[in-house]
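Chain residues, written in single-letter form:
2 protein chains.
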Amino acid sequence: MDNQHLNEWFSKREKLKSEHTAEKLFPQLIKGSIIALSKAITLIESKKENDKKEADFLLQKSLPYTGKSKRIGISGIPGVGKSSFIENLGLELIKKGHKVAVLAIDPSSEKNLGSILGDKTRMQLLSQNENSFIRPSPSNLSLGGVAKHTRECIYLCELAGFDIIIIETVGVGQSETQVKKMIDYFLLLHLPNSGDELQGIKRGIMEIADGIVVNKADGEMQKKAQLAKKMLENALHLFPKNDINWTVKVFCSSIYDISSYEKIIQNIEYYFLHLEKNNQLNEIRNLQDIYWFREYINEQILSYFTESTNAKEELKILEQKIYLKELPVYVASKEFLNKFKSKF
Amino acid sequence: MDNQHLNEWFSKREKLKSEHTAEKLFPQLIKGSIIALSKAITLIESKKENDKKEADFLLQKSLPYTGKSKRIGISGIPGVGKSSFIENLGLELIKKGHKVAVLAIDPSSEKNLGSILGDKTRMQLLSQNENSFIRPSPSNLSLGGVAKHTRECIYLCELAGFDIIIIETVGVGQSETQVKKMIDYFLLLHLPNSGDELQGIKRGIMEIADGIVVNKADGEMQKKAQLAKKMLENALHLFPKNDINWTVKVFCSSIYDISSYEKIIQNIEYYFLHLEKNNQLNEIRNLQDIYWFREYINEQILSYFTESTNAKEELKILEQKIYLKELPVYVASKEFLNKFKSKF
Chain F
136 MDNQHLNEWF SKREKLKSEH TAEKLFPQLI KGSIIALSKA ITLIESKKEN
186 DKKEADFLLQ KSLPYTGKSK RIGISGIPGV GKSSFIENLG LELIKKGHKV
236 AVLAIDPSSE KNLGSILGDK TRMQLLSQNE NSFIRPSPSN LSLGGVAKHT
286 RECIYLCELA GFDIIIIETV GVGQSETQVK KMIDYFLLLH LPNSGDELQG
336 IKRGIMEIAD GIVVNKADGE MQKKAQLAKK MLENALHLFP KNDINWTVKV
386 FCSSIYDISS YEKIIQNIEY YFLHLEKNNQ LNEIRNLQDI YWFREYINEQ
436 ILSYFTESTN AKEELKILEQ KIYLKELPVY VASKEFLNKF KSKF
Chain V
136 MDNQHLNEWF SKREKLKSEH TAEKLFPQLI KGSIIALSKA ITLIESKKEN
186 DKKEADFLLQ KSLPYTGKSK RIGISGIPGV GKSSFIENLG LELIKKGHKV
236 AVLAIDPSSE KNLGSILGDK TRMQLLSQNE NSFIRPSPSN LSLGGVAKHT
286 RECIYLCELA GFDIIIIETV GVGQSETQVK KMIDYFLLLH LPNSGDELQG
336 IKRGIMEIAD GIVVNKADGE MQKKAQLAKK MLENALHLFP KNDINWTVKV
386 FCSSIYDISS YEKIIQNIEY YFLHLEKNNQ LNEIRNLQDI YWFREYINEQ
436 ILSYFTESTN AKEELKILEQ KIYLKELPVY VASKEFLNKF KSKF
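Those protein sequences? They're chains F and V, same order as listed. Heads up: the first sequence begins at 136 in the numbering used here, then just goes up one per residue. Heads up: the second sequence begins at 136 in the numbering used here, then just goes up one per residue.
Hint data in this document are derived by calculation from the structure and do not stem from the laboratory. You may find that some hints are simply not true.
No copy is singled out in the list; a pair is fine if it fits within one copy or between any two copies.
DSS-like, lysine-lysine: derived pairs with alpha carbons at most 27 Å apart [what the hints assert, rightly or not]:
{"no.": "1", "residue 1": "Lys469", "residue 2": "Lys203"}
{"no.": "2", "residue 1": "Lys376", "residue 2": "Lys365"}
{"no.": "3", "residue 1": "Lys447", "residue 2": "Lys469"}
{"no.": "4", "residue 1": "Lys384", "residue 2": "Lys365"}
{"no.": "5", "residue 1": "Lys474", "residue 2": "Lys447"}
{"no.": "6", "residue 1": "Lys412", "residue 2": "Lys174"}
{"no.": "7", "residue 1": "Lys234", "residue 2": "Lys203"}
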C-alpha cells in the first residue's frame, strides 16, 4: 500500500469507528434502524476498553426509553422444534402489529452454536420480515457474560422499538434460571412424549415455566401429544403455586395449526394483564435489576481475586490442604482472605 | 461479695474457661465425652475472638478423625411428625449398635424454634439414651452462619464417636439446599395426603431427596398414605436420574409399625453401599468441602463490603439510581466497586 492508500484506509477506519459511537448510534436507534441496532450490539460485545466505555454510555442514555416490551423466554431441548415454533409465533405476533426481536443464547455448547442457534437461515421467513430482528449471542462468553450481554441487548432492542423480545435458550438447564431473571414470561417447549420420556426435562426447568407447549402435535403424534399434555398437567399439579398466583397452562402446538399459536399468544397477553392488574410487572423487573446489580458486584469482586495468578496458586494450595484434612474449610477461607486483603 | 469470695469466683471462672480450651477438650472428645462435646459446640457458637481461635484450633486438630459417620438430613413441614420419626429411627439405629447425634436447624423461624426444634422433651426416649446426643442450632445466626456452625458440629460429633449424624430441618425450602451440601443422604418426610395437597412440598425439595417417607401411615390414614406414596412415585418418575444414578424410593412409616423404620434404615445402608461401590462418597464430600470453601470466601468478601456503613449507604444510593433508570445495572456495579476497592 502506498501512502495515499494508507491514509484513505486510516480515515475510512476512523470514520467507521466514529459511526459506532454512542452519540451517533442513539438517534438512529430511536428511529428503529436495524443497522444501528446491529452496530450497537457489536459495540456491547466488544472487548476493547474504549468500546466498553461507549457501550456503557449508550446504555445509560437508552435507559429511560427501555422497559416497554414484553420479554419472553422460550426454551426446549434440541429437536423440540424451537426454530419453527419461534418463527411462526413471531410471524403471528407481527401480523398483530408487533415488532419482534429474537435473541438466541446458548452458553453451554460452543461447538453446536452455529447449528442450533442464531442461524438466520433456520428462521427464513421471520428474518426476512422487516418487523423482525434476529441475533445470536457470541459463543465465547461465560454464563455471567452471556447474561450481561443479553440483558443489554434487550434494552437496545426496546430502544429500537421492538415490543416483543424473545430470548431463546436450548433448555439444558444451566442457563434457564439465569434467563428467567431477565424476562417476564417463560415458555417451555416439550416433545410429544410422556411417562419415562418426560425425564428429558431438566431439574428445575418445569418449575420456572409460566406456560408449557407440547410441540409437534400433529399427524401420528397427536394422540401422544394429548397424553403428554395430561402428564404435564398432572406434574404441574404437584408444584405449589408460584409467587405471582399465576396458573401455568399446557398447550399443544403444530406448525400445521396456526390457531395453536393464537392460544399461546392469548395466554401471554393474559399473563401480562394478570401482572399489571396486580401492579407486579414493575416490581418484578426492579427486583431483577437489584438481583443483577448484586450479582455483578459479587462477580467482579470474585474475579478480581481468582483472576490473579497468585490467588489461583493460593486457592490450589489451600484446596489441597482441605483435601488432605490439614485445614478446616472455614480456617482455609480466612487464610486466603488475609493473604489477599492487603493486595486489593 | 468480699475479697476472698471475689477471688474464688474469679479463679473458678478462669478454671471453667480453661476447661473449654481446645487442648483440654480434644482428648475428652476422643473418649466420647458428651459433656466435652456440649462444651466444644458452645465454644464453636461463641462470638468472642479468643473462643473463635480456640474453636478453629480444635477443628483443625479434629479433622483427621472426622468423616467416619453417615450424615443424614431429615426434613418435612411442621406437623409431619419429625420428632417421633427421628426418635424411633434413632432408637432403632442404636439397637443396631450405632451412636446417633441429632442436630436440629431452623434458621427461618426464630420465634418457633423452641417449640419445633431442639427441645429435648420432644424426643424423650432418645435423649435419655446414652448413645444419643441431641442439640439444637442457635437461632440468632444467618443462614450462612447456621451452615458453618452445623458443618462444624458434624465434625465434633464424629470426633466424639457418633457414627450416625442426623441433621433435622423444618423443610420450608430455604435451608434444605444448603443442608444437602453438608450431608450424604437426604430424607424427606411427607404427610399422607396427595393431589392438590402435595403442593405443600416446596419447590426443589423433592428433587434433592434421596428417600421419601409418607409418615403417619396408620389407622384411617393408611389408605390415603398408600395413595400419597403412589402420587409421589409418579412425581419422582418425572424427574431425571440424579448424578449418582440412585433410584429414590418412597416408604410409608408409622410409629405403630417398627418394621417400617427397618426398611428405611436398609435403604440408607444400600445408599452408602451404592456410593462406596462407585467410590463416590469421598468424591462427593470433597466437592462439598470445596463448595463451602468458595462460599466462605465469597461470603467474607461480600460481608466486608456490605457491613460497612459507607458501603450500605452507597448501595442504597445506587439502587435508587437503578430504580429511577438513571444508571444501567452493570455500570452501577462498577461504580460501587471503584469506590470501595481503594478502601479494602
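Here is what the structure says about each hint:
1. Lys469 x Lys203: The answer is between: 26 Å across copies meets 27 Å, while 46 Å in one copy does not.
2. Lys376 x Lys365: Both. Shortest intra-copy (18 Å) and inter-copy (22 Å) distances satisfy the 27 Å Cα cut-off.
3. Lys447 x Lys469: both (15 Å within a copy, 23 Å between copies)
4. Lys384 x Lys365: Both: 11 Å inside a chain and 24 Å across chains, each within 27 Å.
5. Lys474 x Lys447: both (12 Å within a copy, 25 Å between copies)
6. Lys412 x Lys174: neither (37 Å within a copy, 56 Å between copies)
7. Lys234 x Lys203: For Lys234 and Lys203, only the intra-copy Cα distance (12 Å) is at most 27 Å; the inter-copy one is 62 Å.
The structure does not agree with numbered hint 6 stated previously, though it agrees with all others.
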